[in-house]
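Novice: Based on the provided sequences and hints, a complete structural model is requested.
What follows is each chain in one-letter form.
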Amino acid sequence: EPEVTQTPSHQVTQMGQEVILRCVPISNHLYFYWYRQILGQKVEFLVSFYNNEISEKSEIFDDRFSVERPDGSNFTLKIRSTKLEDSAMYFCASTRAGYEQYFGPGTRLTVT
Amino acid sequence: AQTVTQSQPEMSVQEAETVTLSCTYDTSESDYYLFWYKQPPSRQMILVIRQEAYKQQNATENRFSVNFQKAAKSFSLKISDSQLGDAAMYFCAYRRGNTGTASKLTFGTGTRLQVTL
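If you're matching them up, the sequences are chains A and B in order.
Residue numbers for the first sequence follow this note's numbering, so the first one is 1 and each next one is one higher.
Residue numbers for the second sequence follow this note's numbering, so the first one is 1 and each next one is one higher.
Source of the hints: derived by calculation from the structure; they are not laboratory data.
Just so you know, these numbers come straight off a predicted model, no measurement behind them.
Yeah, the Cβ is synthetic: ideal placement off N, Cα and C, and Gly gets one too.
One thing to keep in mind: the hints can contain errors.
Stated by the list, open to error - Which residues of chain A face chain B? A few of them, derived with a C-beta cut under 8 Å, are:
id, residue
1, K42
2, F65
3, E100
4, P105
5, G106
Specialist: Next up, the structure:
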C-alpha cells in the first residue's frame, strides 16, 4: 500500500541554523501539507500546497519557513534561523482532492 | 473559525469491553468531513475512520464506529471489543468540504486511551 515517507526521522540542530525536512507524498496525490506537534500537545496546521504554490498557511508559518516541491516527488519544509520553540514533531501529509489526508511517520526536530 | 473539542483527556477500558470517546465541533459550514486519527507511542498518525457531513448513516470500520449527531455537532468514536493494540492517543479532526481544495485539518486536543487486562 502506498505511503508517505519522511526523512530524517530525527534531526538535531543548533539554534540559528537552517534545517530542511523532506517528504515524499503518495504518488498520485495532488495536495500536500505540513503539520507540527509540540510534545504533549495537539497537531497544528502549518501550510498547504497545491499546484506548486501555497494554498493556505497558519500564523505559525512565519517568514523563516518555506516549502518547495523541487521535483515530481519530493516536498520539503525549510526552517531558517531555528529557535528553541521550533522543537516539535513535523508531519507531512498528502491527499487526492476531497479525500482523507495520509500522514508520514514524522520528523522529530530538536533545536538545542 | 472552526474548533474541535475533546473533553476527555484520558479514558480507560478493559480488554474486550467497549469504550466511547467524545468529540464536539463548532462550524458554520454545511459541507465538511470529520475524522478520527490514532497516534500510538511511535507518534505515527493513523486514520481510523471518516464521516461525511452529508451522510446520515454513521460510518463503521470493523470494531470502530461513530455516532454522528449533526444538529448537536457531536462526533463520538466507539471502539468495540477493545484490544491492547488500541491503546493510543486519539484525535478528532475536522475538515471543511469543497472538494478540490487543499482544506486543512483542525484537530482536537486528543484523548489518551488505556487498555487494561
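Novice: Tell me if the interface restraint on A:G106 is satisfied: Cβ within less than 8 Å of some Cβ in chain B.
Specialist: Since chain B brings a Cβ to about 6 Å from A:G106, closer than 8 Å, the hint holds.
Novice: Does A:E100 pass the interface hint, meaning its C-beta sits closer than 8 Å to a C-beta of chain B?
Specialist: Given a least distance of 5 Å, the restraint on A:E100 holds.
Novice: Using 8 Å as the Cβ threshold, decide whether A:F65 counts as touching chain B.
Specialist: This hint is violated: A:F65 lies away from chain B, its Cβ roughly 15 Å from the closest one there, beyond 8 Å.
Novice: Hold the hint about A:P105 up to the distance rule: shortest CB distance to chain B must be less than 8 Å.
Specialist: Hint on A:P105: holds, closest Cβ of chain B at ~5 Å, below 8 Å.
Novice: A:K42 was flagged as interface toward chain B. Is the shortest Cβ-Cβ separation under 8 Å?
Specialist: 5 Å, holds
Violation of the numbered hints given earlier is confined to hint 2; every other hint is satisfied by the structure.
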